[in-house]
Amino acid sequence: MMSSLTYAAPPLLLFAGSCFVLLAGLWVTSNGFLLGASLLSVIGATALFCGMAGNAAQTAFSGLLAFDPFGLFFSVFVTLVTAAALLMGAKSKEIGDDRRSEYYAIVLSLAVGLIFMSMANHLLMIYLAIETVSILSYTLSGFNRGRYASAEAALKYVVYGAMSAAIMVYGMSLIYGITGQLTLDGIRSWVSHTPPEQIPALMWVGVLMIFAGIGYKVSAAPMHMWTPDVYEGAPTPVSGFLSVAPKAAGFALLLRFFITAFSLPLETGAAVVATGGQAGEVAFHIVGPMNWPKFLMFSSVFTMFIGNLAALGQVSVKRLLAYSSISHAGYILMGAATQTFSGLYSMVFYVLVYCFMNLGAFWVTALVDDTFGSDELKSFRGLAKRRPFLAVCMAIFMFSLVGIPPFAGFIGKLYLFSAVVSREMYGFALLAAINSLISLYYYMKVVKAMFLEASEVPMLEGKTPMDCKLSLAAIALLALPNLLLIINWEPVVALARKTVVFFAG
Amino acid sequence: MSHMLSWITFFPMVGAVAMLFTPAHKEKLIKWIAAASTLLPFILALKALSAFDSSTAAQQFVEQFDWIPSFRIQYFMGVDGLSMMLVLLTALLSFLGVFVSWGVNKMVKGYFLCYLLLHVGMMGVFCSLDFFLFYVFWEIMLLPMYFLVGIWGGEKKEYAAIKFFLYTLFGSVLMLVGMLALYFYSKGPDGAGLPTFNMLELAKIDWTQYSISLFGMHLPFDKTVWWLLFIGFAVKVPVFPFHTWLPWAHVQAPTAVSVILAGVLLKMGTYGILRLNFAILPAATKAFAYTLFILGIVNLIYGAFCAMAQKDLKKLVAYSSVSHMGYCLMGMAVFTEAGLNGAVLQMFNHGLSAAMMFMLVGVLYDRLHHRYIVTPDGQPGFGGIAQKAPWVTAMWTVAIFAGLGLPGLNGFISEALVFIGSFPVYKTETVIAGLGIVLGAAYLLWMAQRVFLGPWTTKEKHGDTLAAAHDLQELTAREIFTLAPLAVLCVWIGVYPQPILNLFKVTVGQFLTVLK
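Note that the protein sequences, when read in sequence, are chains A and B. Letter by letter, the first sequence follows residues 12 to 516 in our numbering. Letter by letter, the second sequence follows residues 1229 to 1744 in our numbering.
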């Protein structure tokens, strides 16, 4: 138990930070102090996680949580995104000065939920983690309760979230009823030791229902419907945070669920790892009667098309980015559908790259929204003349999201595509390629507004939120990796590969 | 000098960085930086030419080292006769293009930054021998091109820019899938070898042994991949029916960008077909040779008819490019020495004559602010220009006759070679294609007659109204500087084509041996 607690120290630290900031906010009004305290707890948690990096994979709290390189990687990742979210909210006008401590506190405790999500190894823990994240996300998206759109977003989110949580928990009950197991390893051993004909079809239903719950978190179609409304209504920093961190943790959970519970690493897994996983060999057996990779493939294609086609007509940039984030969930699912080692680390790599481009895009949108009071495309018109730096950064994020060289998004897509092509799923690859093409159009709408169109509003005088040094520095920090990754991305891929190595047996 | 090709390719980046730190209002300085950073690659390209050994088809000035070892991606540059010629063409046109752009006065810094980035992409495409590297350069070009057309273009610039981008990206994503398929199959039939993006290695593999399944259909590997790559290049050439972006982009682009588009970018399509489809998938190429030939004829004749119908001078020139690229396709598809040499020479020649024509359209537009051969209300937009501006007319005449293939000018040599090469292979079809020459002469001469000869009916546009122009200024020194080198080359190749034919003859021979 004690050793388990040392593993739980980082999330506890975050939680302590959250409580402290919430209480301190009652007396202290200094934004710098509150932000500093929040960041300190985030940095502390990250440092603690990094200290565990060398440890062997093991489970803690009687199998509730798995501490392995995969979980650790995603935990560090979400804490870093949390830091970005804290900074993004620190100056945002959409979050009132008097309520900033609440914002920090909620974001910090949300990080705790996300960490549990990326480590959950037990059905109950999965449910608890997802619910923690969901409930805090509802409050965050309704943060501007006075604003109609924000309140609407929160309500839609709650209704949808409650429904998908109910579906998921019902699915869990089915699986528990059939297998008598709650840990993912336990389910795997039950499934692999039971003759396929004795596994009832209800098992499939249970898995599908759990997928619905996770799919809701990563906004995979058809569980995506809340996304545009919530992203549009929520304060922009919140939308940026929600579009990256819960999605990343959701994908971690998805992989862990399907790989740990419903597949077995092949004996050749080690060999695959040795060759860097470029061989395109299947690294996992499917156990049980259901062909989940095929299912994920259909879900991936469906999600891409829904996201990209719906994004075409949007005028609100936040809504546009919401649909774009749906389509990116589809791209990321490509990796899971390949059943290969390279597919797995391509997903991890893409999640990493996606964080940089999407957070950046939302950050720029937040500044523009704060300045003009609207996130519609018309606020972006003529941005290249007014704030060339901001416009260039936004263009980099947009191109990176389309996935054209030399930007980081291309490298991410290259790995996903190559994982799919290596399994000779050419039709799948072509459909995804067509989706990239469709997405070009709407991303270019933003670029076009910034560079090709003239603004209707006269040039702004004086200091605006777009001149905030802190935000500009952060945006530059997010844009640089997008631009420079092409020079040498080997170390980053090596990192991604290391995180999924132990899955491959 | 070591790393010659890297210097040629990346030196404009040095200029771009210098430009980034130059204040935006120092426009003259920015233009001179652009001139310097395109002049050096041009000088280096000439230096490379002098050191180039045209008696071998081997790749020269090779630079090769690992870039991303785990994905087997290499930084692999080298040129043979074919790419050497295109590097020269690119360097020359890019350098002259800076002076064509001298009159740009809107966001000068941004314009030349994009221009230099475009230069990097174009050079990279012609120099890279690693397929991945090739693909990256191929795509890098899209971004500056989008902005160059979209910001500095004509009235319909936004539509033209996105159309260009979408069409090209459509081809590129198919190419990406094809590229990855080649990569994974290069491991050999037992899957034991190491995959590669190296074009020279890929060319050694027998791809006919594989088959793939696509949406449940079983297809031969090499033919499927051939189409995936071909469509990517066909959009760029452009091959009918993928050509519809071209009249938009070429017409809306600013003059210098039209010059680059017609002079260099179209050649990237035919270059890609030769370098990848021909060299790597020769069996499939042979199987589709006839299709390619027919597509060439369609381009030739369809482009000519479209050009004939145009009332906009620049659009006419744009469609003439579609038509003239048809010769390249025809020459490539017959696999004879004369045919392929003609096709490659036609790439160079069209680069000269189309570039000249676009520059000259710019010359007229700068003075008269319109491009109507026939104005919307049916009046002649030009007429009798020869009386007032004989030098403008003289340069136009060189470009027109070079384009339509008058003996003594460069176009004749390449077109004749293409027909000499094609006739023994496809007799009837070649005779039909001969119609293309007649049509080419027809639309160009008809245009010349309406624009330069006859009474002075030239109009001038002020704001939205057209009024009779009084006079037409002669070519300025700057314009002569940009046009004269091209005119001299047109004549020189027309009279004495042997040096340039020698440059790529052996390389072309190598392509043919592979296809035999």
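To be clear, the hints were calculated from the coordinates, so they are not data collected in a lab. Be careful, since some hints might not be right.
Simulated crosslink set (DSSO-like; lysine-lysine; CA at most 27 Å straight-line) [said to hold, decoys possible]: (1) B:Lys1415 to B:Lys1259; (2) B:Lys1733 to B:Lys1432; (3) A:Lys459 to B:Lys1384; (4) B:Lys1259 to A:Lys389; (5) B:Lys1655 to A:Lys396; (6) A:Lys389 to B:Lys1391; (7) A:Lys459 to B:Lys1415; (8) A:Lys459 to B:Lys1514; (9) A:Lys396 to B:Lys1259.
Being a predicted model, the structure only gives us computed values, none of them experimental.
Against the structure, the hints:
1. B:Lys1415 to B:Lys1259: violated, 49 Å
2. B:Lys1733 to B:Lys1432: holds, 21 Å
3. A:Lys459 to B:Lys1384: Satisfied, since the Cα-Cα distance of roughly 13 Å is no more than 27 Å.
4. B:Lys1259 to A:Lys389: violated, 33 Å
5. B:Lys1655 to A:Lys396: violated, 59 Å
6. A:Lys389 to B:Lys1391: holds, 22 Å
7. A:Lys459 to B:Lys1415: It is violated: about 43 Å lies between the C-alpha atoms, which goes past 27 Å.
8. A:Lys459 to B:Lys1514: Measuring from Cα to Cα gives roughly 43 Å; hence the hint is violated.
9. A:Lys396 to B:Lys1259: Roughly 20 Å between the alpha carbons, so the hint for lysine 396 (chain A) and lysine 1259 (chain B) holds.
Hint violations for this structure: numbers 1, 4, 5, 7 and 8, all remaining hints satisfied.
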